[in-house]
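Once you have looked at the hints, place chain B on chain A.
Listed in order, the protein sequences are those of chains A and B.
Heads up, the first sequence is in full-length UniProt numbering, so the first residue is 1 and it goes up one at a time.
Heads up, the second sequence is in full-length UniProt numbering, so the first residue is 1 and it goes up one at a time.
Don't read these hints as lab results, they were simulated from the structure.
A portion of the hints provided could be inaccurate.
Just so you know, same-sequence chains aren't split out, so a pair can sit in one copy or run between any two.
Claimed, not checked - Below are the DSS-like pairs computed for lysine-lysine, each with C-alpha atoms no more than 25 Å apart in a straight line:
{"#": "1", "residue 1": "Lys146", "residue 2": "Lys213"}
{"#": "2", "residue 1": "Lys146", "residue 2": "Lys204"}
{"#": "3", "residue 1": "Lys128", "residue 2": "Lys146"}
{"#": "4", "residue 1": "Lys136", "residue 2": "Lys146"}
{"#": "5", "residue 1": "Lys128", "residue 2": "Lys173"}
{"#": "6", "residue 1": "Lys167", "residue 2": "Lys136"}
{"#": "7", "residue 1": "Lys236", "residue 2": "Lys26"}
{"#": "8", "residue 1": "Lys128", "residue 2": "Lys213"}
{"#": "9", "residue 1": "Lys265", "residue 2": "Lys236"}
{"#": "10", "residue 1": "Lys146", "residue 2": "Lys26"}
{"#": "11", "residue 1": "Lys204", "residue 2": "Lys26"}
{"#": "12", "residue 1": "Lys282", "residue 2": "Lys204"}
{"#": "13", "residue 1": "Lys102", "residue 2": "Lys128"}
{"#": "14", "residue 1": "Lys173", "residue 2": "Lys213"}
Everything numeric in this text was worked out from a predicted model, so none of it was measured.
Number of protein chains: 2
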Amino acid sequence: MSDDILYHFALGTGTHDFPALFGDVKFVCVGGSPSRMKAFITYIAEELGVGSPGQDYPNICAGTDRYAMYKAGPVLSISHGMGIPSIAIMLHELFKLLCHSKCSNVTIIRIGTSGGIGLAPGSVVITKQSVDATFKPQFEQFVLGKPVYRSTNLDEELAQDLMECAKELDQFKTVFGNTMCTLDFYEGQARLDGAICSYTEEEKAQYLTAAYKAGVRNIEMESSVFAAMCNIIGIKGAVVCVTLLNRLEGDQISTPHDVLGEYQKRPQILVGHWIKKRLGKK
Amino acid sequence: MSDDILYHFALGTGTHDFPALFGDVKFVCVGGSPSRMKAFITYIAEELGVGSPGQDYPNICAGTDRYAMYKAGPVLSISHGMGIPSIAIMLHELFKLLCHSKCSNVTIIRIGTSGGIGLAPGSVVITKQSVDATFKPQFEQFVLGKPVYRSTNLDEELAQDLMECAKELDQFKTVFGNTMCTLDFYEGQARLDGAICSYTEEEKAQYLTAAYKAGVRNIEMESSVFAAMCNIIGIKGAVVCVTLLNRLEGDQISTPHDVLGEYQKRPQILVGHWIKKRLGKK
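Chain A extracted, bound-state conformation (with noise of 0.2 Å):
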């Protein structure tokens, strides 16, 4: 086609040049929170040295309020919602951004927030496999109305280089584990605490601890089309999220604000080190 439009980022090949906007964005970080996601861009460009000191960052998508997005150097930082649907559509988008700016080596992965399995608050894991509810590595994806079954594994080297940047660091505990991704927080995680629940604490204790066993150490809403879909595009991905609680112990986030918006920062310290060390600032 002659002009796209990309909806829910506000920009459109018939308005912006995107070679000279994006042409030279290595590195895409995604996470949830707009807020979150403009304290990121912050902390890399200082980490980097781009841009001055107490620069703000604009939103690149202030046309819209579906997403926010922010660029410092070689990194973009994009904020995608909350579940599969919403950071699909911004995966859409951004793929379509990169192949009109003709990007080309890039490394887009998710920091984001989990509810771990068996692991203390604040632990981070990198994800080896995306599962769903029922523990198998597969996105389902509905395509003129038939089901459509894709692999949701993540690039290898790529979760072995961010295990390395965790061992140098020695900040906080990280691991490796699967992350199940549900459609939903409350019934499609277990919790009890829902506005409908309908199983009993024993029936949640018995599924959690079959998702442990299954090789699962946390619980998002995000990882299995981001994975299906950078695998399809061909683009290298990872999944380093930290978690806010232990869902063996609990189901409601009660921790003070100040500790989860220190947990926060820890998939963004992991992979802004991991982000020097490949520029060769490290």
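Chain B alone, transformed into the frame defined by chain A:
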């Protein structure tokens, strides 16, 4: 439980007096975009004559950037982001909020945007049934790793009342129709302009024509879980969406920004009229 933390609203029964804050709520309107839901609260406050002219409505969920919430008199206006998982988290916490606040006789209406099938852009669809990608009126929810199927019927009387209001207003075309609710905006809605597309233009046309024959008049991404949860909780719900384009004629949303802005006001005008009537102000 003693304290209940509504994490994604940044509200909790231990820190907020729910009955004092929300006890008088009778109408909850929800939509994807935070700025649209802020515009709605300003509009409905003026229409109902509550608050003072030019008043600013603070975001009740200012402690988080997951959702935005505004209140004017008996009306609560909340953003829900994009997709089933995102609106489901919001609804779980909303239903708990209404329960903790001891609210009664509450009606909830989704005022959203959608892609139309066989309708001129700007047409408003009042949903009869929300259907899935195979045109069935059901919502699949995974509970403890097993699929559960839930009815997606909506309140018939409420839908009829809304259609009556549309006739009284006589400002834009409004129709009853089935609404297809998908987990994806691109492949899931048979678009040809996503980053991934494995079907032909002809196959797309066949699928959308089959949807039209099954009574589908618009496609969006939240109505099925909205209807299913309203049914289970026993709260009256309606879905009123404007169509931004006719999917039989294209995929891209290329309508000028000001025209789209005018379209997006239509569900607000319709639902505003219904609320005024219900309050005896019309």
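Hints the structure violates: just list their numbers, smallest first.
-> As far as the earlier hints go, 6, 10, 11, 12 and 13 are violated by this structure, in ascending order.
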